[in-house]
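K.L.:
What follows is each chain in one-letter form.
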Amino acid sequence: MKESDILPVERRTDFLEQVFWNIHDIIAVNTRLRDALNKRQKSYAVVEQIGDILLDAIPHFGPFVSYGAHQLYGKYEFEKEKSSNPAFSAFVEVQKVSHPFL
Amino acid sequence: MSSVIHPTHIPSGRGQPPMPPLPNGRNSPRTSIGNQITPRRSPIVYPALLSRVAEAFRNRVQLSDQVKDGLTYKDVFDGREAVDKIAYIIKTTDRNLALLLGRALDAQKFFHAVTYDHRLRDNANDLYQFRTVVASPFTSGELEEEEGSVKTTAAPLLNEGSEYSAAVLTAQGSPTPSGESDSGFGDIIEGITRTPSPSQFIQSDARRANTNVATDDAPLPTGVFTLLTDCYSPTCSRDRLCYSIACPRRLEQQARLNMKPQPGLKKQISKESLGELVTTEPGTLWIHSVPQEIVNSVSEKEKRRQEAINEVIYTERDFVRDMEYLRDVRVFPFLRRPPR
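Going down the list, the sequences are from chains A and B.
In terms of numbering that gives the first Met the number 0, the first sequence opens at residue 0 and continues consecutively.
In terms of numbering that gives the first Met the number 0, the second sequence opens at residue 0 and continues consecutively.
FYI, nobody ran anything at the bench for these hints, they're computed from the structure.
Some clues are possibly wrong.
[Stated by the list, open to error] Simulated pairs of lysine-lysine, DSS-like, Cα-Cα distance not exceeding 25 Å: (1) A:K38 x B:K302; (2) B:K73 x A:K41; (3) A:K38 x B:K90; (4) B:K302 x A:K41.
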């Protein structure tokens, strides 16, 4: 089964946005935080502190608030698609087996 | 394309012209597969199993009456059509590969040239017919009905002495009944043509007639065409490049993935397996990441603090990796954007 056969093209982008919402912003925020932490860890064998890094990062955590607020809408869209689109439902079942941790 | 096939000497039946060389299944076709093998859909049957291919072939090939050298042959097909059908069944565009597979079938006498003097060729002028179980060596299956010939078994020598009988004896080369049922893997490629002596022939055929085993359908060829077997690696599939450079699928995979065939191996970091590993594997401990002197120089409390800090950091690394994985595997494929 191909992804292109599961979701109609006209709804695809909208559906992905509803379900995954601002995942790209979240990745961006956390990539910056991760890089800063990695840099700190590489610079010191005994890390003096990481609180300052977290303090710098937290003001940019807005995307988490947005994601959390939208989570239920995303779940609703996901469940709606599962019940109305047999191809998508089958796809989800297959993925549960092949990627159980997602 | 036949020029690619390396000659391998095949012992032929007596009186026959030498058969065209049977390709060595493992080595010679490798080069010829090259870039031209670009099957797009799944094969109709598992192409490595000769019995499956034979069955699919028999169900699909169109039999008709055709004239060659002034003689009309009944229920025959030509070599080009045979190669067409096999290529269709295994979904390849490589006619040479299909020809090799067809020769593996004819090596077991699944079908034979109407003239009995050559192997399968990709040529519309060469005619072939399926083997039928011939009860009497002196009655050619192409001339008489199967049932009729069984009755004549008791007195084979009185059977008209038709001009075909000699040809049947030498060229049909039908293996003895035991040879038929036992034909195992070894016979597939070697294509051993056993030509029993006439007395053996009559004996065995009489035995077969007595036990009344004559049937229209000769047994299907059996065996594994190793060139078309699946890879042993569970991660090797049609759409994922095999890690093994010797994988017979690799060229096909590269062609499908629009990759340039590259000599030698290149290291590829597998994102997916990294993600899987990291999500189930605890991060390395701080005490294992720094020299022993440093571990010794700090208090127990500081060690615990360092482990806590380390945990925050590797958890953040894992989180980013998981999110990237989610994006690459769950979002990008739907947008038809490559994950890399």
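K.L.:
Take the hints in turn and mark each one as holding or not.
P.N.:
Now the hints, each set against the structure:
1. For the suggested pair A:K38 and B:K302, the alpha carbons sit about 20 Å apart, so the restraint of at most 25 Å is met.
2. Between the alpha carbons of B:K73 and A:K41 the distance comes to roughly 82 Å, so the proposed pair goes past 25 Å and is violated.
3. Distance restraint check for A:K38 and B:K90: the Cα-Cα separation of roughly 53 Å exceeds the 25 Å cut-off, and the hinted pair is therefore not satisfied.
4. Distance check on the hinted pair: B:K302 and A:K41 sit about 17 Å apart at the alpha-carbon level, within 25 Å; holds.
Violated hints, listed in ascending order, are 2 and 3; each of the other numbered hints is respected by the structure.
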